[in-house]
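Undergrad: Residues per chain are reported as follows:
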Amino acid sequence: MEEDDNLPAADSALQRKHAAMIERLSNSHQSRLARKPNSESNSTFISTSSFLSRFSESKNSIESTLSRIRQTPDPHTNPTLKSELDNVSISIADLEKLVAENSFSLPSYEVRTCLKTITDLKQLVEHVTSEVIPRKKFSFKNKSTKKITTQNDTVSEVPNVESKDSVLRVLDSPGFRGKENEVLVKEFGRGNDEEIREFVLSELKGCDVRLMGSVRALFVHKLIDCKVYVGPVFGSVLIEEVTNCVFVMASHQIRIHQAKRCDFYLRVRSRPIIEDSDGVRFAPYCLKYEGIEKDLEEANLGEETGNWSNVDDFKWLRAVQSPNWSILPENERVGTVDISS
Amino acid sequence: MGLLSIIRKIKRKEKEMRILMVGLDNSGKTTIVLKINGEDTSVISPTLGFNIKTITYQKYTLNIWDVGGQKTIRSYWRNYFEQTDGLVWVVDSSDLRRLDDCRYELHNLLKEERLSGASLLIFANKQDIQGALSPDEIAKVLNLEAMDNSRHWRIVGCSAYTGDGLLEGFDWLVQDVASRIYMLD
Ligand SMILES: Nc1nc2c(ncn2[C@@H]2O[C@H](COP(=O)(O)OP(=O)(O)OP(=O)(O)O)[C@@H](O)[C@H]2O)c(=O)[nH]1
Ligand SMILES: [Mg+2]
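Residue numbers (the UniProt record's numbering), protein chains in the order written: chain A, 1 to 341; chain B, 1 to 185.
Hints were generated in silico from the structure; no laboratory data involved.
On a predicted model such as this, the values are computed, not experimentally measured, just so you know.
Think of the CB as a built atom: it goes at the ideal place given N, C-alpha and C, for glycine as much as any other residue.
It is possible that part of the hints are untrue.
Some chain B residues judged to face chain A by a derived CB distance under 8 Å, without partners named [stated by the list, open to error]:
(1) ASN79
(2) GLN83
(3) ARG97
(4) GLN130
(5) GLY131
Dumping the calculated DSS-like pairs for lysine-lysine here, alpha-carbon to alpha-carbon at most 25 Å [unchecked claim]:
(6) LYS53/B <-> LYS116/A
(7) LYS111/B <-> LYS122/A
(8) LYS222/A <-> LYS71/B
(9) LYS111/B <-> LYS97/A
(10) LYS116/A <-> LYS179/A
(11) LYS122/A <-> LYS71/B
The shape of chain A in the complex, shown without the other chains (with noise of 0.2 Å):
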């Protein structure tokens, strides 16, 4: 690391590298644009809708040649299926590659319900391998077992690694833990060091919280029968295991993870997610105390995008609507809070 009073030099340094880069980077931009209408014939900057139908004919392809290996009969005694399905993987790789290549064009859906495609076929293909092709002879390495791991049951970490003073430093994080049927309020002071600090809610049970003025990020971890409201989050919040609880808050990104039975009143600059979680339902920002106009113009969330209801569930990657969440009804909505003292 740099010594202090080496700072502004380097800095200045580092800046005037950066400018030089960001013009690079806008020439090479340029360039790229103009050469962009005849471009290499490779499958860069297709069209959505080829590239959907490319797609799918490789996919058709490939389904149907696993169904043919899978009725050849007496398939164990038959050697070239062994080379045939990996040529089925190669293909599956070559689709992969093809999405991966048109990733930045293409909308999200596509992409996510291509990979999902993709996944399925990588299944299908283990599937049949399995069926045709005994068992020991084939193994694969990589088959992910981890996935089902969950971090639920480690309350309080100690890393198993000797790091005495940074456990020390997690229980200094600020915030509210361990409290039962109180109400918790806190207000950030403006203006100073503590609008770009973290806040921490961990392991409340029937309290009601209120967080007014600005922080940086919001991490909320295993709440029951809480109420949080919370001004505006200049960052993100992380949310994780929450039952019960109705959440009123203003954030540039919101992640919630393993929520049950919960409301969410969001304001968002992004996508709300959630993974692991069902019965969420959510709502427009509905938060009132006094100055909190100032502090969400000041962090950039003064107005309403509508992305309250923009979610994504990452456990759900189809067109239908997830079922394990929908938009509150609002005849069931509270109404403003305010939560002036």
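Once you have looked at the hints, place chain B with the ligands on chain A.
TA: Same frame as chain A, now just chain B with the ligands:
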């Protein structure tokens, strides 16, 4: 001429590098890539799948693969291992509770044979947040000293928010990869 040297030759001509960015969800991978590319970072959604950015850095063309880190899609990471020259592991240094997860996933990744030749840059990101652990502390918690001797690695503190540290990290990574692939150029 062996296959390996033919591949080297080709790469050498194109001066291309393939960089894979991974790490837990919320660590800041997409923000880092956009920031280094001089793009707007004010609206970024969690990555569903992956993004690829091709950027020119010094005299090299970097193909940066930014892969989503949400738990559900971590199993896709291995689809991107092939031919990775440089691996960037991004850590949210303010997410103290999930550092165990982070260490577990990192060490799991490093077992991967296809990544064994890749230079490893660890970004201890979000240093602008007050409660963030320092790069030294992160190195301890992640048990980086226990890594295989043959691995080229380095940890750099950074903030995708302010931009601090990003160039330092990428400079090291690009130099390290270049000195291996393009040898004495
Ligand atoms: N304060 C602060 N916030 C950061 C920094 N880097 C990223 N963030 C914020 O952290 C959140 C997550 O950033 P992303 O770039 O979406 O994270 P990611 O690693 O790409 O996440 P996935 O796509 O889910 O894997 C966003 O709200 C960013 O604004 C940083 O250096 N400082
Ligand atoms: Mg991302």
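Undergrad: Each hint: holds or not?
TA: Hints and how they fare:
Against a cut-off of 8 Å between C-beta atoms, the interface hint on ASN79/B holds, since the closest Cβ of chain A lies about 6 Å away. At about 11 Å, the closest approach between the beta carbon of GLN83/B and any beta carbon in chain A exceeds 8 Å, and the interface hint on this residue is violated. For ARG97/B, the suggested interface contact is upheld, since its CB lies about 6 Å from the closest CB of chain A, less than 8 Å. With 8 Å as the threshold, the beta carbon of GLN130/B comes within range of chain A, its nearest partner Cβ sitting at about 5 Å, so the hint holds.
Checking GLY131/B against chain A: minimum C-beta separation of about 5 Å stays under 8 Å; hint holds. Among the hinted pairs, LYS53/B with LYS116/A is consistent with the structure: their alpha-carbon atoms are about 22 Å apart, no more than 25 Å. For a cut-off of 25 Å, the pair hint linking LYS111/B to LYS122/A stands: about 22 Å separates their Cα positions. Straight-line distance between C-alpha atoms of LYS222/A and LYS71/B comes to about 18 Å, which keeps the hinted pair within the 25 Å bound.
For the given pair, LYS111/B sits about 24 Å from LYS97/A by alpha-carbon distance, which is consistent with the 25 Å threshold. At most 25 Å may separate the alpha-carbon atoms for a hinted pair to count; LYS116/A and LYS179/A exceed this at roughly 42 Å. Of the supplied pair hints, the one linking LYS122/A and LYS71/B holds, its CA atoms being roughly 19 Å apart against a limit of 25 Å.
Violated hints, listed in ascending order, are 2 and 10; each of the other numbered hints is respected by the structure.
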